[in-house]
Amino acid sequence: MTNNSVWPKEIYRVLKEARVSQASYVPDAGHAQLIELLHADPEIQTTVLTTEEEGIAIAAGAWLGGQRAVLLLQSSGVGNCVNMLSLISNCRFPLLMLVTMRGEWAEFNPWQVPMGSATQSALQLMGVTTIRVDTAEEVPEAVSAAVAMAFDADQAVSVVLSQRLIGRKQWEAR
Amino acid sequence: MTVADDLERLNRRDAVRELLRDRGDTLVVTGLGSSSYDVFAAGDHDNNMYLWGAMGGAAMVGLGLALAQPRRPVVVITGDGEQLMGLGGLATISVKKPGNLTLVVLDNGQYGETGGQKSHTALGVDLYRIAAATGFASAGELRTMTEIGSYRTELTKLTGGPRYVSVRVAAGNLPRALPARDGVFLKNRFRARLGFQVN
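Going line by line, the protein sequences match chains A and B. Quick note: the first sequence uses the numbering used here, first residue 1, plus one each step. Quick note: the second sequence uses the numbering used here, first residue 1001, plus one each step.
Hint data in this document are derived by calculation from the structure and do not stem from the laboratory. Do not rely on the hints blindly, as some may be mistaken.
As the list claims (entries may be wrong) - Examples of chain A residues toward chain B, derived with CB under 10 Å:
id	residue
1	Ser24
2	Pro42
3	Leu49
4	Leu87
5	Asn90
6	Gln120
Said to hold, decoys possible - Keeping only pairs whose Cα atoms sit at most 30 Å apart, straight-line, the calculated DSS-like set for lysine-lysine is:
id	chain 1	residue 1	chain 2	residue 2
7	A	Lys169	A	Lys9
8	A	Lys16	B	Lys1097
9	A	Lys169	A	Lys16
10	A	Lys16	B	Lys1118
11	B	Lys1157	A	Lys9
12	A	Lys169	B	Lys1097
Where is the CB? At the ideal position from N, CA and C, for every residue including glycine.
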């Protein structure tokens, strides 16, 4: 992960074009650059969460009030969302999730692996469409496709950003 | 915490009816179980969003709504058990400081839907103190109908929030008053009243 990857800027651009005006997140290194871009934008309400399921309910409330929301989370946070996704399913709320993966490509921490391995299946079990992205070139189109499905077709959609795309986590003592 | 007899606790239907009297253009979100029944019994409204599940999520739905609709007062009415499942959300609300959001917790100290098992609020936990500690602009407890009547004007304010208030209500299940359960209907009705078209 570098601080100047292009793809986070591309995601930000697509979200702006889609008139997304609320963004909530539990911080993840893979989303750090996008979080900074969102915070710097006075037209976007950013909300830091204590657990990811809060962001599911916030997205529902935002839509009730006429706004589009996005939820940024790491793969481990998907497990925290499972029951709250029934709110989305029952009411057919639009939902846009951007999930950064851990527990796969070059993972050093075994504790990330069980949830990382189950992330896409867990989303699908709860009715969330998953669009997986492995290369930077695919990112803008994938997010744009997810935006259309979420806000035009009232679907729950996640873009799963692979750990290979994000890059190896630098974890050794500095 | 002062231990009060059940006799001193309020009837939840009366309490909610009094809170929502003259609600004006207030938007209301309810937590699953009795809170949804209480709000429905006080009078159905297009701008009531009744949750029948999503335990722990009512206050967060209220937060997203309050941020999206800063010119409308937003009131979340839920129970102690529902809010206990979303304690972290109190911190999330506090850091966003939505001036137009009020969180009302109907506190009967038990899980009424599942057989009346004691909740943490009957075992020494004061939710309003937790709300105060996270940084709610105001946090307190209402014990009488007179206090509820005085508090009512707070609910329609667009600034000065987030407000938290516990209402000490009696335990025991009242006859059920059941609002619609269809989430898509409730969502579309709510949005239509605000002028948003159905996709």
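Hints, verified against the model:
{"no.": "1", "hint": "Ser24", "verdict": "holds (8 Å)"}
{"no.": "2", "hint": "Pro42", "verdict": "violated (14 Å)"}
{"no.": "3", "hint": "Leu49", "verdict": "holds (6 Å)"}
{"no.": "4", "hint": "Leu87", "verdict": "holds (4 Å)"}
{"no.": "5", "hint": "Asn90", "verdict": "holds (4 Å)"}
{"no.": "6", "hint": "Gln120", "verdict": "violated (23 Å)"}
{"no.": "7", "hint": "Lys169/A with Lys9/A", "verdict": "holds (20 Å)"}
{"no.": "8", "hint": "Lys16/A with Lys1097/B", "verdict": "holds (24 Å)"}
{"no.": "9", "hint": "Lys169/A with Lys16/A", "verdict": "holds (28 Å)"}
{"no.": "10", "hint": "Lys16/A with Lys1118/B", "verdict": "violated (47 Å)"}
{"no.": "11", "hint": "Lys1157/B with Lys9/A", "verdict": "violated (38 Å)"}
{"no.": "12", "hint": "Lys169/A with Lys1097/B", "verdict": "violated (34 Å)"}
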